[in-house]
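Colleague: My numbering puts the sequence shown at residues 559 to 1009.
These are computed hints drawn from the structure, not numbers from a lab.
Given the structure is predicted, the values throughout are model-derived calculations rather than measurements.
For every residue, glycine included, the Cβ atom is placed at its ideal position computed from N, Cα and C.
Be careful, since some hints might not be right.
Stated by the list, open to error - Taking lysine to aspartate or glutamate and the EDC-like style, the derived pairs with C-alpha atoms no more than 20 angstroms apart in a straight line are:
{"no.": "1", "residue 1": "K969", "residue 2": "E907"}
{"no.": "2", "residue 1": "K969", "residue 2": "E905"}
{"no.": "3", "residue 1": "K639", "residue 2": "E707"}
{"no.": "4", "residue 1": "K870", "residue 2": "E929"}
{"no.": "5", "residue 1": "K854", "residue 2": "E905"}
{"no.": "6", "residue 1": "K889", "residue 2": "E929"}
{"no.": "7", "residue 1": "K902", "residue 2": "E929"}
{"no.": "8", "residue 1": "K969", "residue 2": "E929"}
{"no.": "9", "residue 1": "K902", "residue 2": "D963"}
{"no.": "10", "residue 1": "K870", "residue 2": "E905"}
{"no.": "11", "residue 1": "K870", "residue 2": "E956"}
{"no.": "12", "residue 1": "K870", "residue 2": "E893"}
{"no.": "13", "residue 1": "K870", "residue 2": "E836"}
{"no.": "14", "residue 1": "K870", "residue 2": "E845"}
{"no.": "15", "residue 1": "K854", "residue 2": "E893"}
{"no.": "16", "residue 1": "K889", "residue 2": "E861"}
{"no.": "17", "residue 1": "K902", "residue 2": "E798"}
{"no.": "18", "residue 1": "K854", "residue 2": "E907"}
{"no.": "19", "residue 1": "K870", "residue 2": "D915"}
{"no.": "20", "residue 1": "K889", "residue 2": "E836"}
{"no.": "21", "residue 1": "K902", "residue 2": "D857"}
{"no.": "22", "residue 1": "K902", "residue 2": "E845"}
{"no.": "23", "residue 1": "K889", "residue 2": "E907"}
{"no.": "24", "residue 1": "K870", "residue 2": "E841"}
{"no.": "25", "residue 1": "K969", "residue 2": "E845"}
{"no.": "26", "residue 1": "K639", "residue 2": "D713"}
{"no.": "27", "residue 1": "K889", "residue 2": "E841"}
{"no.": "28", "residue 1": "K870", "residue 2": "E980"}
{"no.": "29", "residue 1": "K969", "residue 2": "E836"}
{"no.": "30", "residue 1": "K889", "residue 2": "E905"}
Said to hold, decoys possible - Label pairs and their calculated CB-CB ranges:
{"no.": "31", "residue 1": "V656", "residue 2": "R581", "range": "22 to 28 angstroms"}
{"no.": "32", "residue 1": "L648", "residue 2": "L624", "range": "17 to 23 angstroms"}
{"no.": "33", "residue 1": "L624", "residue 2": "A603", "range": "37 to 43 angstroms"}
{"no.": "34", "residue 1": "E671", "residue 2": "G725", "range": "44 to 50 angstroms"}
{"no.": "35", "residue 1": "L648", "residue 2": "N604", "range": "47 to 53 angstroms"}
{"no.": "36", "residue 1": "E956", "residue 2": "F726", "range": "54 to 60 angstroms"}
{"no.": "37", "residue 1": "I757", "residue 2": "E839", "range": "40 to 46 angstroms"}
{"no.": "38", "residue 1": "L752", "residue 2": "L730", "range": "30 to 36 angstroms"}
{"no.": "39", "residue 1": "S756", "residue 2": "M602", "range": "48 to 54 angstroms"}
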Amino acid sequence: MPLGRSACPRRERAIGGGLELQRVEHWITRLRWFGAASGAAWIMANLPDRDETFTWATVLLAALALGTLAISLGRWRFGTKPSVLRLLGLAGFVFDGVVLSGLVWALSPRRPEIAWALMLLLPVEGALRYRLGGALAATAAVGLFFVAEGVHIADLNDGGFDLVRYGFIVGLAAAVAGLVGSLARHSEERYGALRDQSIAVADVERLLAVTAHEIRGPLTAITGAAHALRSKADGSARPERAVLLSMVSRQSRHLGMLVEDLLVTAQLRSDGVTLRSEWVELESVIEQAVETAASKRGDHHLEVFIEPLLCKIDASRTAQILHNLIENAYKYTPERSTVRVAAKILEGELVLEVADDGNGIPVERDDALFEPFGRIVGASSKAEGIGIGLYVVRRLVEVMGGRIDLSSSLKGTTFTIYLPSEVVSQEPSRLSLVEGPGPYEQGLQAEGLSS
559 MPLGRSACPR RERAIGGGLE LQRVEHWITR LRWFGAASGA AWIMANLPDR
609 DETFTWATVL LAALALGTLA ISLGRWRFGT KPSVLRLLGL AGFVFDGVVL
659 SGLVWALSPR RPEIAWALML LLPVEGALRY RLGGALAATA AVGLFFVAEG
709 VHIADLNDGG FDLVRYGFIV GLAAAVAGLV GSLARHSEER YGALRDQSIA
759 VADVERLLAV TAHEIRGPLT AITGAAHALR SKADGSARPE RAVLLSMVSR
809 QSRHLGMLVE DLLVTAQLRS DGVTLRSEWV ELESVIEQAV ETAASKRGDH
859 HLEVFIEPLL CKIDASRTAQ ILHNLIENAY KYTPERSTVR VAAKILEGEL
909 VLEVADDGNG IPVERDDALF EPFGRIVGAS SKAEGIGIGL YVVRRLVEVM
959 GGRIDLSSSL KGTTFTIYLP SEVVSQEPSR LSLVEGPGPY EQGLQAEGLS
1009 S
């Protein structure tokens, strides 16, 4: 199941978002009710002079009222679903065009001013719903209608086709549609820019808050260890000093990786990441990743399976990818569970795997995990971090020309990284269950195992 399907946080287009759709529908619904009320007043005023035209106009106005009521009920019932709102909007757009065209056809011989309703309102509605494309499509439809309407009036009056009137109507409709469409597009762009800006500000505020929290813990530990070391400067309690120095080293490496993630995130967003490929022993790269993630290990069992490989890769970036995946496995799985790291060559690609025995990741969360500040729903309280680790993993893998697969079930999660690399096999050395600071480790070392 390849990931990387959502390269950046998706910004809803203004017309595509449910809130904007509701605004447009509210505005157009008010116009429909205004038209129905005006039509009712016209019907009452012309009751004594009823004829066939009056009957047709009454039917169309009744259809306008009933259609508006049906669309309003649909919005009330499904108002929170943008897809349904878009479908209702399209139906309403066609409905408005049919009703307005019918009214103009029936009444324009007596009341020529009614042509303005179709000439202006339909292109404006098209612009509001579908931007410039909708405005131009509505204008074209209006133009075709007025050709037929002009011929109809000419037949009624035994006259010729009024080309000047037709040109004025279509030209004015096109001008209005173009203006409204341009304004709508400009409004959409401003809406999008403001939305992006608000998201960026929220991201920065969250980044500052969680970074301060994440740095405070290691700094407190380092400060406490330094104070303890100063109090034992006379050389007593050497074993305790060794433990403190080891803790300082681990916390310092953790801070270094945190700073590195922040730096790489900034570089990735500005496309400023550079790769430095070199021939390295893969084992040393994995050892570096394991060591820098050790501060989060706790009581987890760690198994490392490494083929003896010499690879041409960016060692620091590869170690950073593995560090983030290993640390993520430590944070989101129960204590005393097992985390496995494996590396091998497969069909000319370097394959890196980090697997755990946790509770798995919900399918609907796959993409969100690889976005900045992505989190696993239901994560335990010990799941610290600033939420950019997996984002850095995905983006670095993309920059390196690789891909990520994620396999997850109730029995655990496996991240598999495929990286293009020149690889040379070395003499097989070992397969080991790595010992660590947790009290539940069992050392196992099998010398001379082949890959």
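Colleague: Taking the numbered hints from earlier one at a time, note which ones the structure violates and give those numbers from smallest to largest.
Modeller: 1, 2, 3, 4, 5, 7, 8, 12, 17, 18, 19, 20, 21, 23, 25, 26, 27, 29, 30, 33, 34, 35
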